[in-house]
Each structure stands twice: as C-alpha cells, then as structure tokens.
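Residue numbers (our numbering), protein chains in the order written: chain A, 1 to 273; chain B, 1 to 314.
If you are wondering where the hints come from, they were derived from the structure by calculation, not from laboratory data. Computed from a predicted structure; not experimentally measured. It cannot be assumed that every hint is accurate.
As the list claims (entries may be wrong) - The following label-pair restraints were derived from C-beta to C-beta distances: (1) A:Ala24 x B:Tyr84: 43 to 51 Å; (2) B:Asp125 x A:Trp48: 34 to 42 Å; (3) A:Ala74 x B:Glu311: 35 to 43 Å; (4) B:Ser214 x A:Ala74: 52 to 60 Å; (5) A:Leu63 x B:Asn264: 13 to 21 Å; (6) B:Gln224 x A:Pro236: 46 to 54 Å; (7) A:Pro217 x B:Asp92: 57 to 65 Å.
Unchecked claim - Reference excerpt, derived from the structure (chain A facing chain B, CB under 10 Å, subset only): (8) Ala54; (9) Val78; (10) Leu83; (11) Ile151; (12) Arg163; (13) Leu180; (14) Leu226; (15) Tyr230; (16) Pro236.
All residues carry an ideal CB built from backbone N, CA and C; glycine is no exception.
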Amino acid sequence: MTAGQWLRRVGFYVLIVLIAAFLALPVLWLVFAPFDRTPTLATSLPSWTLHNFATLAQNPYALRSLGNSVLLAAATMVLVTGLGAVAAYALSRVRIPGRDGLLYGLLLLSSIVTGTAAMVPIFLLIFQLNLIDSQLGVVLVLSGGLLPAAIFIMKDFMDTTPRSYEESARVFGAGPLRILRDVVVPVVRPGIATCAVWTVVNVWGNFLTPFILLRSPEKSPAAVVLYTFYTEGGQPNLGLISAFSLLYSVPVVAMYLFVNRRYGFRFHGGIKR
Amino acid sequence: MALATSPPTDRKPARAGADAGDSAHDDAAGLGRVRASAFVVPALALVAVFLVFPALWTVYLGLTNFRLTGIAAAHPRVVGLDNYANALGDPDFRNALWLTLLYVLGSAVIGQSVLGFVVVWLMRDAPRAVRTTLETLVMLAWILPSSVVSFLWIAMLDRDAGTLNALLHTPGVAWLITHPLLSIIVFNTWRGTAFSMLLYSAALDGVPPTQLESARMAGASGWQQLRDVVFPHIRGHLLTNLLLISLWTFNDFAPYLITAGGPNGASETLPVFVYQTAISDGRLGFGSAISLLMLLINLVLAVGYLRLLRERRP
Chain A
1 MTAGQWLRRV GFYVLIVLIA AFLALPVLWL VFAPFDRTPT LATSLPSWTL
51 HNFATLAQNP YALRSLGNSV LLAAATMVLV TGLGAVAAYA LSRVRIPGRD
101 GLLYGLLLLS SIVTGTAAMV PIFLLIFQLN LIDSQLGVVL VLSGGLLPAA
151 IFIMKDFMDT TPRSYEESAR VFGAGPLRIL RDVVVPVVRP GIATCAVWTV
201 VNVWGNFLTP FILLRSPEKS PAAVVLYTFY TEGGQPNLGL ISAFSLLYSV
251 PVVAMYLFVN RRYGFRFHGG IKR
Chain B
1 MALATSPPTD RKPARAGADA GDSAHDDAAG LGRVRASAFV VPALALVAVF
51 LVFPALWTVY LGLTNFRLTG IAAAHPRVVG LDNYANALGD PDFRNALWLT
101 LLYVLGSAVI GQSVLGFVVV WLMRDAPRAV RTTLETLVML AWILPSSVVS
151 FLWIAMLDRD AGTLNALLHT PGVAWLITHP LLSIIVFNTW RGTAFSMLLY
201 SAALDGVPPT QLESARMAGA SGWQQLRDVV FPHIRGHLLT NLLLISLWTF
251 NDFAPYLITA GGPNGASETL PVFVYQTAIS DGRLGFGSAI SLLMLLINLV
301 LAVGYLRLLR ERRP
C-alpha cells in the first residue's frame, strides 16, 4: 500500500467515525439515563438501577398517556385501514369514472394539506363541532390526513395482485362479498399490514394534532405529556423523563425492526410521517 | 400529513394498456359500480370533511377578523385583504418567512441531502458491519418520536451539563440561546437524513456498474466518476428528493419543541409563527391568512414533485 492509499484509508475511517459520532451522540442519553441512579443531562455510564421506572409507574399521567397513545393509534388504524382498504380495492378493480383524476387529486391533497399548514382551520372546525378536548376529534382529523396516502399505498399493492383468484371463485359461484372476505383479504393481507404499521407509527409520534385539539392531561397521548414534563416550570425530573422517553420509544423501534425483517426497508411503499 | 414516498423507479408500470382493451376482466369479483361506489364513499367523505374542507375554509377565514375570544369571536367581520397586507407589513412575519427559508436550505437542501449522499457514497465499499451500524443509526434518528428526539437535543446542547460542551471544552455555552437557528438546522439534518439516504441508495443501485468500471479504468478520479457517471443517472432522484424534503422541512413543527421559536423569535419558523399568533394569541383570521400562504407554497412544491413523477412514468 502506498502512502497515498494509506492516507486515503485513514481519512475514510476518520470521516465515518465522525458521522457515526454525530448520529449516535444524542441517542446515548436515551440508552443510559433511564438506568442511572442520579440522571443528569450529561451522557455517562450509569450506576445501574431500575428506580426510574418505579417513579414512572407512580406518576399519574405517564402510564395513562401511553394508554391514550395506544387508544388513538388503534382507533385511527382501524378507521384508516378499514375504510382505506375497501376504497383501494374498489378503485383498483372497478373503473369508476374519473378515477385517475381522483387519485391524482388525493395524492396532491395529502401532501399539501399538512397538519401544520392547516392547523388553524382544523382547530376551528373541531372547535365548531364541539370536539375540542375529545379524542374522537383527534382520531377523525388524523384519519382524514392519513387516508389519501393509505389508499395510495394499498391500491398500489392491490394492482399487483393477480385477479385470477377472484375470477375462478366467481366461476364457482361465490358472491362478491364472499369473494372479498375469503379470497381477496387473505391475498392482500401484507399490503394491509404494511399500511396498518405505517398508520400506527404516524399516530404514535404525532405531536401537533393532539397538542392543539386536547386540553386535559388525562386525555393526552405520550407525545404531549412527555413535552409537558420537560417544559413545566421548575427542575425537570430527569429520571422520570428518561424512563418515559425510553418506554415511549420502544414500540416504534420494535415495529421498525419487525417491518425491516419481514419486508425489508428498501422502499416498497415507503414509511414516513 | 403524509405522503406515499415510493421513488418513481420502484413503481409498477401503469396498467393503461390492460384497462383500455378488456373491460370484461375489470371488476373481477363482480362488485358492480354501485357497490364499488359505496366502498369508496366513506373514505372520501372523511377526507372531504377533515382535509378538503379545512383547506378551502382557510380561503374564507383569511379574509375575516376571526378571533377566539371577544367580539370578533361572536361576529366575525370580513376585512378583505387586510390580513395579507398586515402580514406583509409585519416584521415578525417577514422574519419568520426568512428564517424558514434558511431552515429549509440549511437543513434539507444542504444538510440532509449532502449527508445522505455522503453516507451512501462512503458505504459503497465499506465492510458490512460498518454499513449496517451507520444505516441503523441514521434510521433510528428518523423513527424516534419527535418529542423524544427534541429532548435528546435539548439535553445534548444544555449549557451546564450538555454533552456538546463537554466534548468541545466550551463550558457554559448555551447553544440554544446563542445559536438557535443553527441548532435547529443541525438537529433537523440529524433527524431527517434517512430519507435522502434511502432514496440515493436506491438511485445508486440504478447506475450501471459497467459504466463506473470503465470510468475507473480510464483513470477518472472519484470526483470525476461522480460528476460524469453517477450524477446524470440520479438527477431525477436528486430533484424528487429535494422537493420532498423541502416540503416536509417547511412544514416541520419540531423547532417548537426545542426552542419554541425563541429567544425573541430568533428561531421562529413559519409553523411556529402560525401556532403562536393563531392558537396562542387567538388571532385566527390573521393566522388563516398565513396558513393559506403556507398551503400555496406546499402546492407549488407538490405540483413540482408530481410533475417529476409523471415525466418519469410515461
């Protein structure tokens, strides 16, 4: 190896180490602080304890907010995958007039009308519907926002599944609804599963919508309650915050690993907030 | 709120040909048009009420002096284009617009895009373990909930105990107060590099290895290979990527979680500005006018993106 090549090699690894450090440094706190007897904002190897998780269990809002997150995510997931799947199926198989324009419009809309840009009219709409501080309002708003992309993901998937199963079931005299239940659903299940995971991840991390639409901390999801933990006046309780952050993060990491292992994370559908 | 993000090349070709010819094979389950419509309507109704209507309503609201409390709450009055005139004359609004531009340019167009490409380019012939580690770290920053990552950065940039000050031996520097905009730019670069990495990684797979090989044989340097072989192949992906990450960064509310726009509006991007004026201060009419401007900027970016998508999918 010449000196030049050697230098390049060293430079290559120095650059990689720098990038890895930049990426990893902020996360280290999340890994260590929850198990530290005296957590500070500094990142350090802890003197191990599970005490922080006991504090978490005693906090009246923390665990309940995780329950609220589960509730919001589950309700939105059922609504989005349920309504989205039947709509995607119909759009994939039946030539409804104006279908292509409709799909184009949906895709355009879902990227333009974001929760941020439309926060004022959405807030007012929910206000006028008397749904402020109601979890139903949050579920409806989130579902409306996620449905266009969900229909798109699932229609893409259904377009690639063969119609021959449905046709042969029909030849044997099965009615349309029966075909849907016994033939179509099993075949398109992976597409529906992908969409369900995508919806849950989106709702789980969403901060803005519940932040503006909910008032009482008993109804707020973990995203909002965690934020109030560290912005409330006084000294933030770092043991509580770190343990809560970790517990709140574990499900999304688990879902990511699941999707990654099962389907590979190389862009087949795409997952993004 | 969300977007299907398959890069154009991964999509299946449109079935235009099949649709035109044999309509008998359409509707394989014998659903019929009426039932098919009944399948589509509930989803569309939900989208219409909670997505389309708010967007259209903004147009009207922006022309009124709607407020959350007081006289204007009960009897809003149409004030015409006053809100827009006020916005353009408002130094706070112009400041927010300018900061948003810097935020998008700094963290998306430069930060995420460059870092994403560098990671992909470096990982080409890195050992598998290194590659997996780096990619996992990038993905982790992307998938963690925003309230969590915001606090991680608050902790890292803390004045007294923050890791950054410990590393740089600069005790007592309050980064979020002295460099608020730079802080959120670096934060968002860290946060969103994953998308660029995934997209460029898919794009580089499409560059024919033989062309790279012959460029290398001809003695082209790394930079020349990039410019003459790689870039022409990934130009479409590059544009797609820039449009999408700009759109997302433009609508990003995470700065609020870290700096809440402060100190003194020094990191108040447009989303934070809208939140502060409309929801916190209750100036809903004025806030709606700003919202409409945001929706229009989104529209421009999204139409650009869909154009690209169509061009590459004849």
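Verification of the hints:
In this structure the supplied range 43 to 51 Å holds for Ala24 (chain A) paired with Tyr84 (chain B), their Cβ-Cβ distance being about 46 Å. Between Asp125 (chain B) and Trp48 (chain A) the CB atoms are about 40 Å apart, so this pair conforms to the stated range of 34 to 42 Å. Separated by about 40 Å at the C-beta atoms, Ala74 (chain A) and Glu311 (chain B) satisfy the suggested range of 35 to 43 Å. For Ser214 (chain B) and Ala74 (chain A), the hinted distance range of 52 to 60 Å is satisfied, since their beta carbons lie about 55 Å from each other.
At about 38 Å, the beta-carbon gap between Leu63 (chain A) and Asn264 (chain B) misses the expected band of 13 to 21 Å. Look at Gln224 (chain B) against Pro236 (chain A): about 52 Å separates their beta carbons, and that is inside 46 to 54 Å. Restraint check, Pro217 (chain A) to Asp92 (chain B): a C-beta distance of roughly 30 Å breaks the suggested window 57 to 65 Å. The interface hint given for Ala54 (chain A) is violated, since its Cβ lies 21 Å from the closest Cβ of chain B, which is over the 10 Å cut-off.
A cut of 10 Å between beta carbons decides the hint on Val78 (chain A): the least distance to chain B is about 13 Å, and the hint is violated. Annotation: Leu83 (chain A) was flagged as interfacial toward chain B, and the flag holds, the nearest CB pair being 4 Å apart, inside 10 Å. With its C-beta approaching chain B no nearer than about 6 Å, Ile151 (chain A) sits inside the 10 Å limit, and its interface hint holds. Annotation: interface hint on Arg163 (chain A) holds; nearest CB of chain B at approximately 4 Å, less than 10 Å.
Hint status for Leu180 (chain A) relative to chain B: holds, with the closest Cβ pair at about 6 Å, below 10 Å. The restraint placing Leu226 (chain A) at the interface with chain B holds, with a minimum CB-CB distance near 5 Å, inside the 10 Å limit. Given the 10 Å rule on beta carbons, the hint for Tyr230 (chain A) holds: about 5 Å separates it from the nearest Cβ of chain B. About 9 Å separates the beta-carbon of Pro236 (chain A) from the nearest beta-carbon of chain B, less than 10 Å, and the hint is met.
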